[in-house]
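Protein chains in written order, with the working numbering: chain A, 1 to 342; chain B, 1001 to 1342.
One or more hints might be untrue.
[To be verified] Beta-carbon label-pair distances, calculated as ranges:
1. B/1168 / A/18: 36 to 46 Å
2. A/154 / B/1336: 26 to 36 Å
3. A/50 / B/1203: 32 to 42 Å
4. B/1237 / A/269: 23 to 33 Å
5. B/1238 / A/29: 45 to 55 Å
6. A/193 / B/1313: 33 to 43 Å
[To be verified] Now the stretches of chain A that chain B is said to cover, found in silico as 3 or more residues with beta-carbon under 8 Å:
7. 134-143
8. 152-161
Hints in this document: simulated from the structure, not taken from any laboratory.
Model, not experiment: these values are computed from the prediction.
Note that CB positions come from ideal geometry on N, CA and C, so glycine has one too.
There are 2 protein chains.
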Amino acid sequence: MAGRRHPPTMADVAHLAGVSPMTVSRAFKPKSSVKEETRRKIREAAESLGYVLDSTAAGLSSRRTGFIAATIPSINNANFADSLRGLTEGLAETGLQILLGYTDYDLAEEERLVEQMLRRRPEAVVVTGGAHSPRCRRLLANAAVPVVEIWDQPRDPLGAVVGFSNAAAASLMVDHFVEQGYRRIGFIGGDSSRDTRGLDRRRGFLEALRTHGLSDERVLAYGLPPITMGQGAEAITALRERWPDTEAVMCVSDLSAFGALSACQRAGLRVPQDIAIAGFGAYDIAEHANPALTTIDVGAKEIGAQAADLLIKLLEDGDSSSPQMIQIEPRLLARASTQRRR
Amino acid sequence: MAGRRHPPTMADVAHLAGVSPMTVSRAFKPKSSVKEETRRKIREAAESLGYVLDSTAAGLSSRRTGFIAATIPSINNANFADSLRGLTEGLAETGLQILLGYTDYDLAEEERLVEQMLRRRPEAVVVTGGAHSPRCRRLLANAAVPVVEIWDQPRDPLGAVVGFSNAAAASLMVDHFVEQGYRRIGFIGGDSSRDTRGLDRRRGFLEALRTHGLSDERVLAYGLPPITMGQGAEAITALRERWPDTEAVMCVSDLSAFGALSACQRAGLRVPQDIAIAGFGAYDIAEHANPALTTIDVGAKEIGAQAADLLIKLLEDGDSSSPQMIQIEPRLLARASTQRRR
DNA sequence: CTTGAATCTGTTATCGATAACATATAGGTC
DNA sequence: GACCTATATGTTATCGATAACAGATTCAAG
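Sequences are here, hints too, so could you generate the full structure?
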């Protein structure tokens, strides 16, 4: 209806309120010296014009864009959603917004995304995971803003880190299996190198098996990450066909574990009596499945919260302080799905 | 290490490449007239300086920011994630990015979010849902950019619409229940007015019950949306306590339905023989539950894809064309969880 | 009534890019 | 060679805000 005309500018508001644009600019900042009445007049003028600040112009001029960039692999993942919530809540009081992007578990996509985000000049960057393309690493290094890597423990960090060792977390599960008396143990995960955290889990899992003197051959890679319930179901079927005497299986995530559980039950198997199944991530579904799924809680929300605290410090310190590495301790949640019947 | 110095500008690149800034600017646009060798020289110069375009400045000057704003209620929801995927894929070829924000099912938060987003001058806005605060409506109307509401059929649309009637979708389930021979039918949903789509579903459900001459009293509101698996479990326990002879229950989403299913099974009830349970949204979990959950597929991804097509048209037409209303047809997926034993 | 500090407001230059216009060079045609 | 067109590059003004500085007003205290 109104056509696409130019939205009102600060100058328009200033004109209507009978002041200079600079005064309008000040009136929108919380603690700048503007007479209360002037401020009211300006607010009224702005509201009546439907004025909305142009933060691209503001950012250009002030060199403060007021947001931080965050990448996560997938938007539909309770773990990353929790981390993001922790981050958002932790940053709430600073007024910093979050520009969110998802990489689809793809490093090339991450590189594209990071470049796109850097074009908007974020004041800091949070990336999920410790593996990045060389160019992505260079871009982030050049950006001259604080960088935090979460959900991992990179060998060669870009800056600060809030994470845990996925390999060590997975080995917790092997310890648990062994303690419960299981010996013929398998692993189900994705089949590509895209999900480096998933691969780390597998690696840690297999290493732990060997440490316990157990066979590490029962590994099934199935489908592109993030591996779905359906893929978990197919995978366990294939795994049991190949190694029918398998006693226990860890899946790379709770979603695939649930798919596996469901497939076993539909095939008439009892869990855990006939086969034990465990997941990873402490999703809601693990708690509510029948039987409840043993899983590993990595403190997803805490990761985000810690990252927020760290960012606030890094931004205050003007980048001069040494980047930190904050370690999160994963915890095993032992549940019915891996309870050995004595 | 490098401190926080200013990142290189286009002028720096131009200087290094021995051309004017304008030529550098052109070299970054795909189809502008720059000699191939010059372009290469510029790219090399840019890469060696670690130059990244400043799109705030570019946007200010060109009045094209190259992104659209999208709000969804929650990031951790497979349905909205699917819509977003449809939107992203549909917009991919246009080069438009998506600035994502989530409202947490809260209209006040939506208002805040929309204002924040409009400050960055998106070229269009996609909002989930048809209910908005008055000020939010005003902001969007003033923004003079195309607006698309998805996932609803608002009485008084802000612009274009891609959605369906949540009430009509829920009534499909009543028809199904009745057809299966169920008579004492309940509903489980959230207890606040925040999730207007959930409330629409309830309203449509209850209206359909009355149309069939059935009692509409078995309604349980439980917890803030989005209602979780745990709340679904508690809710069905409470509902069965109050109305022990309930034959069938629809839950506002598949997640709560799964929680309810799980709680019933743990209480020793057989589904569907003792009680039928249905959900909403066609999540993965509905397919993989035991028994598989009857649900309603609303075509989440298609909503996003259609919204993308619509946006492209609206942006081309310069806003002059009449806004459209695209209707998506929800489909009932009848599964084992509501199969009446004859 | 003068003075100094605090508060309020205006002026000018600038952030980093691009639009619009101007100019220069190359290539083809008669 | 004259002329035209297409391609390639440079110059100038501008987008909408804010920083930095400067000037005006207010107010309290001596």
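Hint check:
1. B/1168 / A/18: 36 to 46 Å: With Cβ atoms ~53 Å apart, the hint is violated.
2. A/154 / B/1336: 26 to 36 Å: violated (46 Å)
3. A/50 / B/1203: 32 to 42 Å: Since the Cβ atoms of residue 50 of chain A and residue 1203 of chain B sit about 33 Å apart, the hinted range of 32 to 42 Å holds.
4. B/1237 / A/269: 23 to 33 Å: holds (28 Å)
5. B/1238 / A/29: 45 to 55 Å: Given about 50 Å between the Cβ atoms, the range holds.
6. A/193 / B/1313: 33 to 43 Å: holds (40 Å)
7. 134-143: It holds, with 5 qualifying residues against the three required.
8. 152-161: violated (count 0)
Hint violations for this structure: numbers 1, 2 and 8, all remaining hints satisfied.
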